[in-house]
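We have chain A already, so just place chain B on it with the hints.
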Amino acid sequence: MTAESNTLTVDKVPASDPPSDSSGQHLLHHHFDDMAQQRECNTLMMWAFLVTEIMMFGGLFCAYAVYRWSYPHAFAIGSHHIKWFMGSLNTGVLLVSSLTMAMAVHSAALRNKKRLVTYLALTLVLGWAFIGIKGIEWTQDYHEGLMPGIAWNYYDTTVHPHHTEEVQKLADAGVSPNAVKMFMVFYFFMTGLHGIHMIIGLTLVTILLVMASRGKFTNGNDQPVEISGLYWHLIDIIWIFLFPLLYLVSGIKLGGPLW
Amino acid sequence: MQTAHESDLEVIESHHIIPVGVYMKVFGALMVLLVVTVLAAMEDFSVRLHWGPANIVIAMAIAIVKAALVILFFMHVRYSSRLTQFFAAIAFLFLGVMFFFTFGDYMSRNWIPQVSAFNITGR
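Chains A and B supply the protein sequences, listed in that same order.
Each residue of the first sequence is one higher than the last, beginning at 1 in this note's numbering.
Each residue of the second sequence is one higher than the last, beginning at 1 in this note's numbering.
Don't read these hints as lab results, they were simulated from the structure.
Any given hint could be a false lead.
Heads up, incomplete: computed chain B residues facing chain A, CB under 10 Å, no partners named [what the hints assert, rightly or not]:
no., residue
1, 26
2, 43
3, 92
Think of the CB as a built atom: it goes at the ideal place given N, C-alpha and C, for glycine as much as any other residue.
So here's chain A without its partners, still in its complex pose (with noise of 0.2 Å):
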């Protein structure tokens, strides 16, 4: 095969004056013919990493739906043990989150020093505020015995007597236990995988709080904070659905405590 026959070449000269930053350090990598190239690619690829995430959680999912389609009345009650209002809260943390670092995103394409460090600011706040708030629910499912495999008592009427008339509706209604159990394992798994992804999108943001503070994005370079912000956004997605699957399972009890 010649050369002239592969349409796959590409005779295009790269630009002889690539793009800078301030500093002259050239934005635009060799191996790319010109920026918006690199900006595909680096997209692209952040994509490609989702899938892999959205598959990820994916699995997790698809466990819970068997599980929940086998055990329908375990799940309702377990979903009754943690509290609806918190989930509530926490999903509009996280929305408010994600429109902060959406507008941080915006700041840095205008290259707005000023505005991006305070809204990647507010959006560390606010995912520190998520992860504050899931702590608070999960130190109370510990002390309620809700926490299978470190504290499981909730059943147990020897660790707390007053649940006798919650462990005889149990018994009446043909539900196992463990099969609540089994809820609250994966209310544990999902909520804990989706929290290390908090820590891992919090620990992004503060990187790039620190690089924006030092005028490293607001010179053009300003792609980092954008796919960042896609991490982040799709944290944010995978909450979307976890709230109405573990909190709202059989609809919201009032008159119980919000917290």
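Quick look at chain B alone, frame taken from chain A:
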């Protein structure tokens, strides 16, 4: 030869910048849908609509709309290249394949008449 200023403009023009108003509208829609999700969970639609999975179907439909808004606008997929859009879509396609075959297995397990070893040997 390009000046530094010209190359700066080139960088900005190489990608689409979405107006702030779009972000605010999308955020408003997301918050409204969150309230709708919570309110919908307070009503037992399985009784009202005489359909067992009514509540979960409503909750998932709202979640899909919310996720679509985040993907299309916050993640810029609506303004991205067709290849990026294809990558984003393929994740959900394969998710669908996984759910389809998993539930194809679990839900069809009782469909086959149970034939015991005794029937086969005629005893």
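Quick rundown of the hints versus the structure:
{"no.": "1", "hint": "26", "result": "holds, 8 Å"}
{"no.": "2", "hint": "43", "result": "holds, 7 Å"}
{"no.": "3", "hint": "92", "result": "holds, 7 Å"}
Every hint, counting from the list given before, is met by this structure.
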